Amino acid sequence: MTSMAEILAYDLDRLRERVMPETAGEVADSIPQLAAADPDLCGIALVTVDCDVRTSADADVGFSIQSAVKPFLFALALHDTDRAALGRIGIEPTGEAFDAIKLESGTGRPPNPMVNAGAILTGSLVQGDDVDGRTARIVAGLSAFAGRALRIDDDVARSEHLLGDRNHALAHLMRSEGTLHVGADDAIAVYARACAVLVDAEALAMMGATLAAGGVNPRSGERVVSRETARDVISVMATCGVYDGSGRWMRGIGVPAKSSVSGAIVLSVPGVLGAAVVSPPLDRQGTSVRGHHASYSLSADLGLHSFTV
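Everything in the sequence shown is counted per my numbering, starting at 1 for the first residue and increasing by one.
Calculated directly from the structure, the hints in this document are not laboratory data. From a predicted model like this one, the values you see are computed outputs, not experimental measurements. Take these hints with a grain of salt, some might be off.
[As the list claims (entries may be wrong)] With beta-carbon atoms standing in for the labels, derived distance ranges:
1) Asp52 / Arg151: 23 to 31 Å
2) Ala149 / Gly252: 34 to 42 Å
3) Asp130 / Pro39: 36 to 44 Å
4) Asp130 / Asp301: 18 to 26 Å
5) Ala5 / Arg151: 35 to 43 Å
6) Arg219 / Glu92: 18 to 26 Å
7) Met4 / Gly252: 31 to 39 Å
For glycine and all other residues, C-beta sits at the position ideal for the given N, C-alpha and C.
The whole structure should be built from the sequences, with the hints applied where relevant.
Below you can see the structure in the form of C-alpha coordinates.
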(Lines of atoms letter the chains of each structure in order from A and count residues from 1; the text may use other names and numbers.)
(Lines give C-alpha, C1' and ligand atoms only; values in the text may rest on other atoms or scores of the structure.)
Protein backbone atom coordinates (compact mmCIF):
# COMPACT_ATOMS: atom_id res chain seq x y z
CA MET A 1 0.00 0.00 0.00
CA THR A 2 1.11 3.55 -0.73
CA SER A 3 2.43 5.49 2.27
CA MET A 4 0.16 7.90 4.12
CA ALA A 5 2.29 10.81 2.89
CA GLU A 6 1.66 9.75 -0.71
CA ILE A 7 -2.06 9.36 -0.02
CA LEU A 8 -2.20 12.90 1.35
CA ALA A 9 -0.30 14.23 -1.66
CA TYR A 10 -2.65 12.55 -4.14
CA ASP A 11 -4.19 15.05 -6.58
CA LEU A 12 -7.94 14.49 -6.66
CA ASP A 13 -8.53 17.35 -9.10
CA ARG A 14 -6.19 15.67 -11.56
CA LEU A 15 -8.06 12.38 -11.07
CA ARG A 16 -11.31 14.24 -11.73
CA GLU A 17 -9.89 15.67 -14.95
CA ARG A 18 -8.92 12.16 -16.06
CA VAL A 19 -12.46 10.76 -15.70
CA MET A 20 -14.45 13.79 -16.91
CA PRO A 21 -14.13 12.90 -20.64
CA GLU A 22 -16.10 9.69 -19.94
CA THR A 23 -19.65 10.41 -21.15
CA ALA A 24 -21.22 6.94 -21.06
CA GLY A 25 -24.16 6.11 -18.83
CA GLU A 26 -27.63 7.46 -18.17
CA VAL A 27 -28.92 9.61 -15.31
CA ALA A 28 -31.52 7.80 -13.16
CA ASP A 29 -35.10 8.90 -13.75
CA SER A 30 -37.08 6.98 -11.13
CA ILE A 31 -38.05 10.28 -9.51
CA PRO A 32 -38.04 13.81 -11.01
CA GLN A 33 -35.28 15.07 -8.71
CA LEU A 34 -32.85 12.37 -9.88
CA ALA A 35 -33.76 12.93 -13.53
CA ALA A 36 -32.88 16.63 -13.10
CA ALA A 37 -29.33 15.90 -11.85
CA ASP A 38 -26.46 17.58 -13.69
CA PRO A 39 -24.68 14.87 -15.73
CA ASP A 40 -21.47 16.91 -15.59
CA LEU A 41 -21.33 16.86 -11.79
CA CYS A 42 -18.24 15.01 -10.60
CA GLY A 43 -16.89 15.35 -7.07
CA ILE A 44 -14.31 13.22 -5.25
CA ALA A 45 -13.32 13.24 -1.58
CA LEU A 46 -10.94 11.24 0.57
CA VAL A 47 -10.76 11.19 4.39
CA THR A 48 -8.11 9.25 6.31
CA VAL A 49 -8.81 7.65 9.68
CA ASP A 50 -6.64 10.44 11.17
CA CYS A 51 -9.05 13.01 9.67
CA ASP A 52 -6.87 14.33 6.88
CA VAL A 53 -9.36 15.49 4.25
CA ARG A 54 -8.70 15.79 0.51
CA THR A 55 -11.32 17.04 -1.96
CA SER A 56 -11.71 17.88 -5.63
CA ALA A 57 -13.92 20.44 -7.30
CA ASP A 58 -17.65 19.65 -6.83
CA ALA A 59 -16.99 17.73 -3.60
CA ASP A 60 -19.20 20.23 -1.76
CA VAL A 61 -22.20 19.91 -4.11
CA GLY A 62 -25.18 18.41 -2.30
CA PHE A 63 -27.23 15.42 -3.46
CA SER A 64 -29.61 12.90 -1.90
CA ILE A 65 -27.77 9.91 -0.50
CA GLN A 66 -30.16 7.32 -1.98
CA SER A 67 -28.81 3.74 -1.86
CA ALA A 68 -25.49 4.81 -0.36
CA VAL A 69 -27.45 5.04 2.90
CA LYS A 70 -27.81 1.25 3.08
CA PRO A 71 -24.54 0.38 4.88
CA PHE A 72 -25.30 3.00 7.50
CA LEU A 73 -28.90 1.85 8.02
CA PHE A 74 -27.50 -1.65 8.53
CA ALA A 75 -24.98 -0.29 11.03
CA LEU A 76 -27.64 1.60 12.99
CA ALA A 77 -29.93 -1.46 13.02
CA LEU A 78 -27.11 -3.63 14.37
CA HIS A 79 -26.28 -1.02 16.99
CA ASP A 80 -29.86 -0.39 18.11
CA THR A 81 -30.81 -4.07 18.33
CA ASP A 82 -27.55 -5.09 20.06
CA ARG A 83 -26.71 -6.99 16.86
CA ALA A 84 -29.93 -9.04 16.95
CA ALA A 85 -30.64 -7.67 13.47
CA LEU A 86 -28.12 -10.23 12.17
CA GLY A 87 -30.79 -12.88 12.63
CA ARG A 88 -33.41 -10.87 10.75
CA ILE A 89 -31.62 -10.46 7.44
CA GLY A 90 -29.39 -12.49 5.12
CA ILE A 91 -25.89 -11.50 4.10
CA GLU A 92 -25.47 -13.33 0.78
CA PRO A 93 -25.18 -11.69 -2.66
CA THR A 94 -28.16 -12.26 -4.94
CA GLY A 95 -27.16 -11.81 -8.58
CA GLU A 96 -30.46 -9.93 -8.85
CA ALA A 97 -31.41 -6.30 -9.40
CA PHE A 98 -31.40 -4.09 -6.30
CA ASP A 99 -35.21 -3.83 -6.34
CA ALA A 100 -35.99 -7.47 -7.20
CA ILE A 101 -39.24 -8.71 -5.66
CA LYS A 102 -37.55 -11.62 -3.99
CA LEU A 103 -36.85 -12.84 -0.45
CA GLU A 104 -34.71 -15.65 0.94
CA SER A 105 -36.23 -19.04 0.22
CA GLY A 106 -37.48 -20.77 3.35
CA THR A 107 -36.98 -17.81 5.70
CA GLY A 108 -38.79 -14.88 4.07
CA ARG A 109 -35.83 -12.67 5.02
CA PRO A 110 -34.33 -10.07 2.69
CA PRO A 111 -31.25 -11.58 1.04
CA ASN A 112 -28.88 -8.87 2.30
CA PRO A 113 -28.94 -5.30 3.67
CA MET A 114 -27.64 -3.70 0.47
CA VAL A 115 -30.73 -4.39 -1.65
CA ASN A 116 -33.97 -2.47 -1.23
CA ALA A 117 -35.79 -5.17 0.72
CA GLY A 118 -32.93 -5.33 3.21
CA ALA A 119 -32.72 -1.58 3.66
CA ILE A 120 -36.48 -1.29 4.17
CA LEU A 121 -36.16 -3.86 6.94
CA THR A 122 -33.08 -2.36 8.59
CA GLY A 123 -34.73 1.07 8.56
CA SER A 124 -37.65 -0.45 10.48
CA LEU A 125 -35.28 -1.86 13.14
CA VAL A 126 -33.67 1.37 14.32
CA GLN A 127 -34.88 2.87 17.59
CA GLY A 128 -38.12 4.82 17.52
CA ASP A 129 -41.75 4.32 18.40
CA ASP A 130 -43.12 5.51 15.06
CA VAL A 131 -42.14 6.93 11.67
CA ASP A 132 -41.04 10.26 13.08
CA GLY A 133 -39.07 8.64 15.89
CA ARG A 134 -37.20 6.26 13.59
CA THR A 135 -36.60 9.07 11.09
CA ALA A 136 -35.09 11.28 13.80
CA ARG A 137 -32.84 8.43 14.93
CA ILE A 138 -31.64 7.80 11.37
CA VAL A 139 -30.89 11.47 10.69
CA ALA A 140 -29.02 11.73 14.00
CA GLY A 141 -27.11 8.53 13.27
CA LEU A 142 -26.14 9.56 9.75
CA SER A 143 -25.07 12.95 11.08
CA ALA A 144 -22.83 11.21 13.62
CA PHE A 145 -21.25 9.18 10.81
CA ALA A 146 -20.72 12.39 8.79
CA GLY A 147 -19.47 14.44 11.73
CA ARG A 148 -21.89 17.24 10.93
CA ALA A 149 -25.63 17.90 10.93
CA LEU A 150 -27.50 16.49 7.94
CA ARG A 151 -31.08 17.09 6.85
CA ILE A 152 -33.78 15.55 4.66
CA ASP A 153 -34.87 16.93 1.29
CA ASP A 154 -38.63 16.72 1.81
CA ASP A 155 -39.44 16.89 -1.92
CA VAL A 156 -37.18 13.93 -2.63
CA ALA A 157 -38.66 11.98 0.29
CA ARG A 158 -42.18 12.67 -0.98
CA SER A 159 -41.31 11.46 -4.48
CA GLU A 160 -39.58 8.35 -3.14
CA HIS A 161 -42.64 7.51 -1.07
CA LEU A 162 -45.22 8.17 -3.78
CA LEU A 163 -43.38 6.62 -6.74
CA GLY A 164 -41.69 3.64 -5.08
CA ASP A 165 -44.20 0.99 -6.17
CA ARG A 166 -41.69 -1.86 -6.06
CA ASN A 167 -40.61 -0.83 -2.57
CA HIS A 168 -44.23 -0.90 -1.43
CA ALA A 169 -44.56 -4.37 -2.96
CA LEU A 170 -41.45 -5.55 -1.09
CA ALA A 171 -42.74 -4.18 2.20
CA HIS A 172 -46.10 -5.93 1.79
CA LEU A 173 -44.35 -9.16 0.82
CA MET A 174 -42.20 -9.01 3.96
CA ARG A 175 -45.32 -8.30 6.03
CA SER A 176 -47.00 -11.37 4.54
CA GLU A 177 -43.95 -13.48 5.43
CA GLY A 178 -43.90 -12.15 9.01
CA THR A 179 -40.47 -10.60 8.47
CA LEU A 180 -41.47 -6.95 8.71
CA HIS A 181 -42.99 -6.10 12.10
CA VAL A 182 -44.18 -2.55 11.37
CA GLY A 183 -46.80 -1.35 8.90
CA ALA A 184 -45.70 -1.52 5.27
CA ASP A 185 -46.46 2.14 4.58
CA ASP A 186 -44.63 3.21 7.75
CA ALA A 187 -41.56 1.21 6.69
CA ILE A 188 -41.57 2.81 3.24
CA ALA A 189 -41.99 6.29 4.73
CA VAL A 190 -38.89 5.78 6.89
CA TYR A 191 -36.88 4.33 4.01
CA ALA A 192 -37.91 7.14 1.65
CA ARG A 193 -36.77 9.74 4.18
CA ALA A 194 -33.47 7.94 4.74
CA CYS A 195 -32.76 7.93 1.00
CA ALA A 196 -33.58 11.66 0.85
CA VAL A 197 -30.93 12.75 3.37
CA LEU A 198 -28.68 15.35 1.76
CA VAL A 199 -24.92 14.80 1.70
CA ASP A 200 -21.98 15.83 -0.45
CA ALA A 201 -18.89 13.85 -1.44
CA GLU A 202 -16.91 15.09 1.56
CA ALA A 203 -19.65 14.10 4.04
CA LEU A 204 -20.02 10.69 2.41
CA ALA A 205 -16.25 10.12 2.49
CA MET A 206 -16.28 10.97 6.21
CA MET A 207 -19.03 8.38 6.70
CA GLY A 208 -16.91 5.79 4.92
CA ALA A 209 -13.92 6.81 7.03
CA THR A 210 -15.96 6.31 10.22
CA LEU A 211 -16.51 2.69 9.22
CA ALA A 212 -12.84 2.39 8.24
CA ALA A 213 -11.85 3.70 11.69
CA GLY A 214 -13.77 0.91 13.42
CA GLY A 215 -16.89 2.98 14.05
CA VAL A 216 -15.22 6.12 15.42
CA ASN A 217 -15.76 9.37 13.55
CA PRO A 218 -12.32 10.80 12.64
CA ARG A 219 -13.48 14.41 13.02
CA SER A 220 -15.55 14.30 16.20
CA GLY A 221 -13.88 11.35 17.92
CA GLU A 222 -17.37 10.00 18.72
CA ARG A 223 -17.85 6.24 18.72
CA VAL A 224 -20.85 5.87 16.43
CA VAL A 225 -21.00 2.04 16.31
CA SER A 226 -18.90 -0.77 17.70
CA ARG A 227 -15.78 -2.13 16.02
CA GLU A 228 -17.62 -5.41 15.38
CA THR A 229 -20.52 -3.61 13.70
CA ALA A 230 -18.17 -1.61 11.47
CA ARG A 231 -16.41 -4.85 10.51
CA ASP A 232 -19.68 -6.58 9.65
CA VAL A 233 -20.92 -3.66 7.56
CA ILE A 234 -17.69 -3.37 5.57
CA SER A 235 -17.73 -7.14 4.97
CA VAL A 236 -21.21 -7.01 3.46
CA MET A 237 -20.26 -3.95 1.39
CA ALA A 238 -17.46 -6.06 -0.09
CA THR A 239 -19.75 -8.92 -1.11
CA CYS A 240 -23.00 -7.12 -1.91
CA GLY A 241 -22.40 -3.37 -2.16
CA VAL A 242 -22.39 -3.07 -5.96
CA TYR A 243 -25.31 -5.47 -6.45
CA ASP A 244 -24.77 -8.05 -9.21
CA GLY A 245 -21.53 -6.29 -10.14
CA SER A 246 -19.96 -6.85 -6.71
CA GLY A 247 -17.71 -9.71 -7.78
CA ARG A 248 -16.30 -7.78 -10.72
CA TRP A 249 -15.88 -4.71 -8.50
CA MET A 250 -13.89 -6.57 -5.85
CA ARG A 251 -11.73 -8.31 -8.44
CA GLY A 252 -10.90 -5.10 -10.28
CA ILE A 253 -10.97 -2.46 -7.54
CA GLY A 254 -10.74 -4.51 -4.37
CA VAL A 255 -12.19 -1.89 -2.01
CA PRO A 256 -15.50 -2.45 -0.15
CA ALA A 257 -18.02 0.03 -1.54
CA LYS A 258 -21.68 0.93 -1.91
CA SER A 259 -23.13 2.41 -5.06
CA SER A 260 -26.20 4.61 -5.40
CA VAL A 261 -28.66 5.70 -8.10
CA SER A 262 -27.76 9.31 -7.29
CA GLY A 263 -24.38 8.53 -8.85
CA ALA A 264 -22.57 8.32 -5.52
CA ILE A 265 -20.14 5.62 -4.45
CA VAL A 266 -18.84 5.37 -0.88
CA LEU A 267 -15.68 3.35 -0.25
CA SER A 268 -14.12 2.14 2.98
CA VAL A 269 -10.57 0.81 3.42
CA PRO A 270 -10.33 -0.58 6.99
CA GLY A 271 -7.74 1.21 9.08
CA VAL A 272 -6.83 3.59 6.27
CA LEU A 273 -9.49 5.82 4.73
CA GLY A 274 -12.95 6.46 3.44
CA ALA A 275 -13.62 7.93 0.01
CA ALA A 276 -16.57 9.02 -2.08
CA VAL A 277 -17.22 9.86 -5.70
CA VAL A 278 -20.41 11.36 -7.14
CA SER A 279 -21.25 11.54 -10.84
CA PRO A 280 -24.87 10.90 -11.88
CA PRO A 281 -24.62 8.94 -15.19
CA LEU A 282 -25.01 5.23 -14.36
CA ASP A 283 -24.17 1.91 -16.02
CA ARG A 284 -26.66 -0.97 -16.34
CA GLN A 285 -25.95 -2.13 -12.77
CA GLY A 286 -26.84 1.31 -11.41
CA THR A 287 -23.24 2.29 -10.66
CA SER A 288 -21.74 5.65 -11.60
CA VAL A 289 -19.65 5.27 -14.76
CA ARG A 290 -17.18 8.01 -13.86
CA GLY A 291 -17.31 6.87 -10.24
CA HIS A 292 -16.28 3.37 -11.27
CA HIS A 293 -13.34 4.70 -13.29
CA ALA A 294 -12.29 7.07 -10.50
CA SER A 295 -12.49 4.29 -7.90
CA TYR A 296 -10.37 2.00 -10.08
CA SER A 297 -7.70 4.68 -10.49
CA LEU A 298 -7.78 5.57 -6.82
CA SER A 299 -7.29 1.93 -5.83
CA ALA A 300 -4.57 1.30 -8.40
CA ASP A 301 -2.67 4.54 -7.79
CA LEU A 302 -2.71 4.20 -4.01
CA GLY A 303 -2.36 0.42 -3.77
CA LEU A 304 -5.69 -0.04 -1.96
CA HIS A 305 -6.79 -3.39 -3.42
CA SER A 306 -7.63 -5.69 -0.51
CA PHE A 307 -6.10 -8.77 -2.10
CA THR A 308 -2.87 -7.46 -3.53
CA VAL A 309 -0.01 -9.61 -2.26
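Now the hints, each set against the structure:
no., hint, verdict
1, Asp52 / Arg151: 23 to 31 Å, "holds, 26 Å"
2, Ala149 / Gly252: 34 to 42 Å, "holds, 36 Å"
3, Asp130 / Pro39: 36 to 44 Å, "holds, 39 Å"
4, Asp130 / Asp301: 18 to 26 Å, "violated, 47 Å"
5, Ala5 / Arg151: 35 to 43 Å, "holds, 36 Å"
6, Arg219 / Glu92: 18 to 26 Å, "violated, 34 Å"
7, Met4 / Gly252: 31 to 39 Å, "violated, 24 Å"
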